[in-house]
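Undergrad: Residues per chain are reported as follows:
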Amino acid sequence: MATRRLLPFKDMGGCSITGIMDESGRRFAGDTIIRSIRNMHERSNGLGGGFAAYGIYPERDEQYAMHLMFDTHQAKRDTEALLDQRATVHLAEPIPTRAHPAISGEPILHRYFVNIEADRGRPHLGEDDLVVELHMQINAEVEDAFVFSAGKNMGCFKGVGYPEDIGEFFRLEEYDAYIWIAHGRFPTNTTGWWGGAHPFSLLDWAIVHNGEISSYGINKRYLRNFGYECTLQTDTEVIAYMFDLLMRKHGLPLELACSAMAPPFWNEIERMDEVEQAQARAIRAVYGGALLNGPFAVVVGSTGRMIGFSDRTKLRPQVCARSGDRLYISSEEAAIRTVCPDPDVVWHPEAGEPVLGELQAGVKVN
Amino acid sequence: MPEWLTQAEFVIERDPERCIQCKVCVRQCANEVHRFDAELGEVFSDSDKCVGCHRCVSLCPTNALSVRQVELDFRSNANWTPQAIRNIYKQAEQGGVLLTGMGNPEPLPVYWDRMLLNASQVTNPSIDPLREPMELLTYLGAKPTRLKYEGGDEPRLETELGPQLELQVPVMFSTMSYGSISYNASLALARAASEVGTYANTGEGGLHAGIRPFAKNMIVQVASGRFGVDADYLNAAAAVEIKIGQGAKPGIGGHLPGEKVTAEISATRMIPLGTDAISPAPHHDIYSIEDLRQLIYAIKETTRYRKPVGVKIAAVHHIAAIASGAVRAGADFVAIDGYRGGTGAAPTMIRNNVGIPIEFALAAVDARLREEGIRQDASLVVAGSFRCAADVVKAIALGADACYIGTGALVAMGCHLCQKCYTGRCNWGIATQDPYLTRRLNPNIAVRRLVNLLESWRHEIKEIMGGMGINAVESLRGNRDHLRGIGLTDRELNALGIQMAGE
Amino acid sequence: MKRIRICEEHCIGCGLCEVHCVVQHSRSRNIIRAFREERDGIVPGVKVERDGHLSFALQCRHCEDAPCIEACMTGAMHRDPETGAVLCDTERCVGCWMCIMACPAGAVQRGASGKVASKCDLCIGEDVPVCVANCPNEALVLEDDGDD
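Residue numbers (the working numbering), protein chains in the order written: chain A, 1 to 366; chain B, 1 to 503; chain C, 1 to 148.
Hints listed in this document are in silico derivations from the structure and should not be mistaken for laboratory results.
Derived contacts from chain B toward chain C, CB cut-off under 8 Å, selection only:
no. : residue
1   : R18
2   : R27
3   : Q28
The beta carbon of each residue, even a glycine, is placed where N, CA and C say it ideally should be.
Let the hints inform the model, and build the full structure from the sequences given.
TA: As structure tokens, then:
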């Protein structure tokens with residue numbers, strides 16, 4: 001079973017993605033996002049669907065919610081032994097599901113709310129770093145176990161099937177979140193594996209992705225320099241880690257992080273003023289390994305934030321809309337209008353231009 | 001003992017039906033193969049002296065000449081090849097080290113030919129470089145791990161980037177000294193580099209006054225002989241390269257015989273007229289890695305940290321550790337020269353038997369530097385026989401920032417790889433200082449041909465990248481996923497860090 | 001008018017200019033036949049002068065103020081009104097050799113017959129004279145000085 005984790009190819013294929021954020025922080029149930037993604041049924045082929053939701057565990061928002069899947073009971077026992085050894089587990093429980101006629105072969109799905117105490121031997125590592133380390137360790141070392149997500153007050157729900165069926169299977173209408181992102185998969189090269197569905201997540205980053213990263217080979221080697229092991233061999237994982245590296249570790253502002261991943265062309269840089277030009281040249285020279293090449297459109301969630309973002313020539317669709325406090329980002333306008341028939345504004349972002357949804361000033365969610 | 005055991009290596013065939021006795025061949029052969037017999041009014045050829053450079057064949061206006069390599073002149077023997085036997089005859093006659101020129105011609109594997117490139121189909125659109133941007137701009141030099149910004153609403157870049165070389169195409173002209181090649185050839189390389197937006201390398205020949213106007217597209221070399229090196233020389237150039245070794249003759253120095261040290265060469269190299277220019281095998285102030293660091297920083301001090309300082313090393317067994325040492329010693333770029341790299345003169349035994357293929361050296365060095373987390377501290381330039389754009393693309397995918405071409409550039413200028421550079425009688429006017437021969441290379445023509453070569457490679461590199469769905473060279477660099485091996489063992493695939501075709 | 005510039009520093013002394021000049025002025029315009037059958041009947045209009053490693057291909061300069069035209073008593077030596085080239089009308093030439101005496105470049109010669117003068121005609125009918133087109137080192141370059 002472990003070999004399935006090391007899928008030999010990148011995640012190729014077309015997909016549907018959609019994301020909804022309420023910038024006032026008002027939480028809403030998961031049936032809305034299910035309706036939106038159902039509208040793009042044709043864009044997926046039943047081999048994977050998934051969701052990420054932010055703000056779903058407000059009563060445990062200081063704890064890392066680890067959503068895990070296990071193919072065997074042994075894997076669950078091994079993982080729990082590791083968790084006991086490395087972390088404090090506040091609560092362990094099955095992730096609620098319902099029997100669904102379209103879903104079968106589900107793995108053991110369990111969630112753990114944990115904290116990790118500072119490591120005295122390595123005082124420079126914060127709790128986030130230790131959680132990342134644990135996340136990587138489970139994925140790389142524990143046979144048949146896989147972490148869906150391990151962030152605070154958020155979680156990923158995903159599996160093999162059409163996304164709307166997966167959503168119903170996970171009873172998402174029972175959760176309230178201020179950001180929902182969803183994904184329907186159309187893989188061309190991998191058999192369905194629950195861990196292989198989107199979103200991919202690290203800490204509170206969750207990414208849904210439509211596209212193929214032709215620079216994957218160098219991106220993963222670049223990330224390895226900074227301690228990220230791309231165990232899944234999927235390009236989506238690369239994007240999640242890249243956001244974590246550029247924004248959390250290197251502290252780049254969002255705009256600059258995006259301009260590292262989808263930089264302007266040299267002929268555009270030549271037209272910039274001197275200061276901007278020096279910045280852009282430095283970013284391209286230093287962050288060449290972070291450039292994501294090839295067609296992609298992504299929606300990225302993190303605490304208090306939703307980002308839409310496409311490649312530098314926009315070879316995959318992305319459309320946005322706003323209605324009141326809500327920001328919608330989707331592969332198709334129809335998927336927005338089906339849940340928001342009359343938005344205030346609908347627009348198509350430029351290639352490489354990030355679209356940002358942020359909680360309004362003063363709104364606290366954690 | 002007479003030299004009657006050494007036989008001609010070539011046969012010259014003159015078609016009497018086509019020869020018009022115009023004597024062009026007579027005038028063009030510096031080896032005096034062709035001779036006009038005034039009494040008989042006919043041209044005769046002496047195959048013994050022919051080196052197979054094809055100058056006469058190329059210039060014959062009626063295509064009356066052909067030069068064939070002599071085949072089957074010995075009883076066939078898979079062990080004692082004709083070359084092995086000839087070498088022994090030559091040494092038995094002359095008692096010396098066998099000398100040769102150009103890169104290793106032995107039938108050793110060329111691993112570029114065992115790697116194949118990828119292209120997009122359906123799931124990822126390929127890109128047409130004629131209609132959409134396709135970026136090859138490359139910066140060579142040390143890069144910081146990360147950029148730091150001053151916060152605020154308008155973030156401002158705090159990190160200052162060290163000196164960088166900006167390449168419009170990731171191909172540079174390799175180290176070829178004025179002395180080993182003619183002034184016209186040196187000038188043509190410098191001019192072509194500046195026209196295309198890349199760099200030429202002086203080798204250890206110094207920087208001739210006539211080439212100084214192109215110095216901003218030149219990398220100057222500091223080699224063990226220190227020829228032509230002074231503060232002006234270092235500061236005139238775009239970058240400085242310390243030569244430790246050369247792929248064609250790792251561990252071996254150089255020797256430009258006194259008869260080639262003309263007035264111009266003596267002035268450029270700053271050595272007395274007519275004296276032998278000897279480059280010792282090691283730098284006698286570098287006996288260890290910390291000595292290298294001192295020289296690197298001495299040069300950086302001299303150039304006020306405004307020029308990238310690189311180190312050129314030959315690909316030998318522990319290349320990854322050596323390259324890592326050079327990077328840690330402060331090199332802004334490391335140039336690695338593989339065992340097929342060219343030379344103006346090298347002992348045959350060394351050229352054909354010492355060193356390792358650039359493919360493995362590059363794969364090992366790139367992987368090692370990444371493992372150590374110092375890959376961004378230096379750029380990697382690779383040399384050692386890049387014959388075409390596909391070789392360059394494969395090298396970049398394997399992890400190189402740029403390639404050096406030496407032989408390829410000479411071939412563009414007319415070189416026919418006769419491997420007799422060390423004789424100084426290059427009929428193509430390239431590897432010679434004889435004024436009768438050097439004028440055969442019109443620098444205007446040579447520049448045009450070199451520029452054409454780089455332009456055509458640039459187009460081809462773009463086409464290949466477009467097919468892969470990649471529109472910036474940084475996404476190709478080190479992207480080994482786009483390489484697949486054929487006919488390689490598991491061990492070779494692992495060493496190259498690539499998968500097998502079909503995987 | 002178009003003039004041939006001689007770049008002495010690039011001349012390699014191969015003599016291909018002479019060869020192609022002969023072919024161009026042969027009846028057959030076939031290099032092998034020209035040399036087999038007509039070689040003795042044609043004096044090339046270009047001549048490579050050599051001294052040690054130096055050489056250059058000498059030919060008529062088509063002077064603006066051509067002394068050969070001045071010196072010609074029959075009017076055989078004349079300027080082509082269209083191209084500006086100095087040409088010799090062999091029908092009118094009487095072989096007095098005053099042109100040869102007058103030419104400061106030594107670019108006019110006796111023709112093979114020994115009876116009329118022979119010189120470079122800039123290859124009538126060709127866009128580029130054959131010596132220029134066939135020089136392997138671009139030591140002969142066609143330039144237009146802009147004057148008609």
